[in-house]
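Those protein sequence lines, which keep their order, are chains A and B.
Quick note on our numbering: the first sequence kicks off at 2 and runs consecutively.
Quick note on our numbering: the second sequence kicks off at 351 and runs consecutively.
Don't take every hint at face value.
Listed next, the in silico SDA-like pairs over lysine to any residue satisfying Cα-Cα at most 25 Å (straight line) [as the list claims (entries may be wrong)]: (1) 410(B) x 259(A); (2) 428(B) x 94(A); (3) 86(A) x 437(B); (4) 217(A) x 397(B); (5) 86(A) x 99(A); (6) 268(A) x 397(B); (7) 423(B) x 207(A); (8) 410(B) x 485(B); (9) 423(B) x 437(B); (10) 428(B) x 195(A); (11) 428(B) x 157(A); (12) 86(A) x 435(B); (13) 428(B) x 90(A); (14) 473(B) x 57(A); (15) 157(A) x 406(B); (16) 157(A) x 385(B); (17) 473(B) x 56(A); (18) 428(B) x 210(A); (19) 428(B) x 259(A); (20) 162(A) x 472(B); (21) 86(A) x 397(B); (22) 423(B) x 79(A); (23) 162(A) x 471(B); (24) 428(B) x 206(A); (25) 423(B) x 213(A); (26) 423(B) x 200(A).
FRET-style restraints, in silico, Cβ to Cβ [stated by the list, open to error]: (27) 432(B) x 268(A): 35 to 41 Å; (28) 498(B) x 220(A): 41 to 47 Å; (29) 217(A) x 487(B): 48 to 54 Å; (30) 465(B) x 95(A): 21 to 27 Å; (31) 473(B) x 171(A): 22 to 28 Å; (32) 95(A) x 419(B): 15 to 21 Å; (33) 480(B) x 158(A): 54 to 60 Å; (34) 210(A) x 484(B): 42 to 48 Å; (35) 505(B) x 220(A): 46 to 52 Å; (36) 90(A) x 421(B): 16 to 22 Å.
Some, not all, of what chain A presents toward chain B, calculated at C-beta under 8 Å [to be verified]: (37) 77; (38) 241; (39) 245; (40) 254.
Just so you know, the hints here were simulated from the structure itself, not pulled from any lab data.
Positions of the beta carbon are idealized from the N, C-alpha and C atoms, including for glycine.
Single-letter residue listing:
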Amino acid sequence: MFSFPLLFLLSSIDLAAKLWICPFCLQRNNFPPFYSEMTPNSLPAEIIPNFTTLEYQLPRAPCPPPIFLFVVDTCMDEDELQSVKETLILSLSLLPQDAMVGLITFGPTVSVVHLPFSFRSILFFLLANMHHLHQIHIYELAFPHCPKSYVFNGSKELSSKQIQGLLGITAANPAAGARSTQQQHSQPRFIVPRSECEQTLENILEELQRDPHPVKTDRRPLRSTGVALAVSISLLEAYVGYGARLMLFTGGPCTSGPGQVVGDELKEPIRSHTDLHKDHAKHVKKATKV
Amino acid sequence: LSLLLSSSSSIYHIPISSVLVFHQYYEDLARQAANNGHAIDFFACGVDQVGSLEMQDLVKKTSGFMILSDTFKGAIFKNSFGRIFDIDQNLQLNMAFNATLEVQASRELKVCGAIGHCTAVPKKGPSVAETEIGIGGTTCWKLCSMDPNASTALYFEVVNQVRILAFPSSFSSYHPSFLYQSSNRI
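Model the full structure from these sequences, guided by the hints.
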């Protein structure tokens, strides 16, 4: 019925024979060897009524470090972006030394940062950033020579397999758990231990500019939050078995590509409570399954 | 434009049938992240709406944090964000990652479901009840992220009234497992 028997308060115990019965599966079990010195005066913690919760620390292979992937919208106001940058730089110092970090920025485009060890040629990245329309940048954090970022079209829906193919990564097999470090080294490194890339990431964050595309006065900035999230989640898929947090910082609704909440024209107002109530919301309806 | 803005509190009064069926795209993304055990946090600023209604599943299904405020410059955002990185008495981050909650129940009880920020892991078994309360149909849930204040309510159904009156000793056992910053724990 259950995969393993359980020793706890309600288990019936035979101290003389060193046997106990699991109340769920009614199976008879021997005590594990480290309980061999058990006497009625020194019972194991599991069967002392005061202890209702037990926490076991597993003797498994080293626990993978936590991952923090920052996904930052570059379409927000200059001073808001400045504040996010400052907060992120501050939070880097709060993270544990072995924590792994990654950076993705998005506007009309999504960009994934390939974080370098040295921090020359930030200019390159900025120039590259200017020339692409409708893309998402992913920064590769461990490229040794110059900062490099992978750029995605923010208006096109991609499956996670396609995204992983474009980034040159493979999804981890969930059954295998955390992967060996050797396996990780063979892939482009977008998520790197903080100790290796702190300076670089700080520099990239400091240099991060507001999205350069001009926004007309009657338009909302193009923000491809949907694709940015799809890219980030697919990127993290290579780290199944790790504990990860994806932190999304955004200054407004998604206005471009899949997951669009509202169009970019200001004359189209965002769905209001009344629209939702009357089932008029255009983009919401498009995404319904019913 | 400002006339058309709605406050987030008014959204709670929308008929539940229409709310539950939106945002398929984000729901799928949320499910994908939850299956991998990864949490998604959503921090937004803006005086207008930011689309959190459509995107709420990302946070709800993966038990992430959500901070909505007018500006990223204010104390609301900065202090709340700082709290995420609090450390505990072991000088480690006060949070757990990739958490799963599994429940075992004695024969008199069946598991109806859980109410909380979690995603069901398909796991059929004899102790899964037919009635579903909250997120049901399983005895195992992904919580993705946990902190000391995380709570999940579990609902059970009594199947054998006669037996439970005769032997009032029904019990259930909870097995959360998670990654602490430096170790695997159960």
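Violations among the numbered hints: 11, 19, 30 and 33
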